[in-house]
Amino acid sequence: MTTRAPIMAGNWKMHKDHLEATQLVQKVAYHLNEGDYEGQDVVVCPPFVSLRNIQVLLDAERLPIQLGAQDCHQESSGAFTGEISAPMLARLDVDWVIVGHSERRQVFGEHDALVAAKAVAVQAAGMAPIVAVGETLEQRQADQAAAVVDAQLRGSLDGVSVEDPTRLVVAYEPIWAIGTGETASAEDAQDMCAHVRTVLADLFGQDVADAIRVQYGGSVKPGNVRELMGQPDIDGALVGGASLNADDFALIVTHRR
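Take 132 as the starting number for the sequence shown in our numbering and just add one per residue.
Calculated from the structure, these hints are not laboratory results. A portion of the hints provided could be inaccurate.
[Said to hold, decoys possible] With a cut-off of at most 30 Å between alpha-carbon atoms, the simulated DSS-like pairs for lysine-lysine come out as follows:
no.: 1; residue 1: K144; residue 2: K158
no.: 2; residue 1: K158; residue 2: K147
no.: 3; residue 1: K352; residue 2: K158
no.: 4; residue 1: K352; residue 2: K147
no.: 5; residue 1: K144; residue 2: K352
These figures come from a predicted structure and were not determined experimentally.
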């Protein structure tokens with residue numbers, strides 16, 4: 132069996148100003164010791180306005196926390212008021228960029244082709260994309276969850292490079308579990324993450340699929356992360372609300388310790 136290093140990422144969404152962001156990372160780092168970072172990636176994804184502050188903090192304190200962004204534009208530059216390009220993020224030493232989060236898809240109308248263009252732009256700038264997919268409650272109740280995720284994966288990964296499959300992450304986030312307090316059971320999460328890997332194998336071959344990490348996201352908490360991470364096809368967590376609390380996020384990061 133392929134050994135995949137877990138990736139534990141906090142998506143702060145539109146929370147924390149730059150001062151609060153700095154304090155939060157300091158508190159998270161205080162709760163973690165050197166061994167907690169071994170064998171896994173720990174990532175924080177603050178709002179754009181806090182990226183520079185967090186970058187300086189991570190560099191100055193030599194913290195092994197990696198920096199992520201929550202989105203980017205698909206073009207490298209241009210007359211796109213209010214947007215942020217992938218090269219801009221790369222200059223800030225951002226390592227990971229979330230693309231296709233359900234809130235981007237639902238609230239801002241982003242479609243699979245746009246998500247794919249963003250993922251390609253992230254890779255072209257030397258960073259790694261976290262490509263999010265997931266179904267609504269109505270789709271799950273109609274037994275369409277697998278088909279929806281299948282279509283999202285195929286559309287959102289069109290043109291994406293898998294030359295280094297460790298630098299591509301798929302985040303499965305059932306929309307009905309994001310910020311609701313509801314969580315897919317560990318068995319349901321495993322079933323869908325295994326389905327994701329089956330689709331990846333069809334797209335890229337089994338060896339590549341076995342190397343790509345698949346995160347679960349959706350109301351991940353200290354109380355359920357151990358069971359989720361015990362599943363064979365779940366390789367990490369994309370954490371929303373719980374990542375805003377240093378104690379909780381540290382407990383999630385140390386799920387096996």
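Comparing the hints with the structure gives:
no.: 1; hint: K144 - K158; in the structure: 18 Å, holds
no.: 2; hint: K158 - K147; in the structure: 14 Å, holds
no.: 3; hint: K352 - K158; in the structure: 18 Å, holds
no.: 4; hint: K352 - K147; in the structure: 19 Å, holds
no.: 5; hint: K144 - K352; in the structure: 17 Å, holds
Checked against the numbered hints given earlier, the structure satisfies every one of them.
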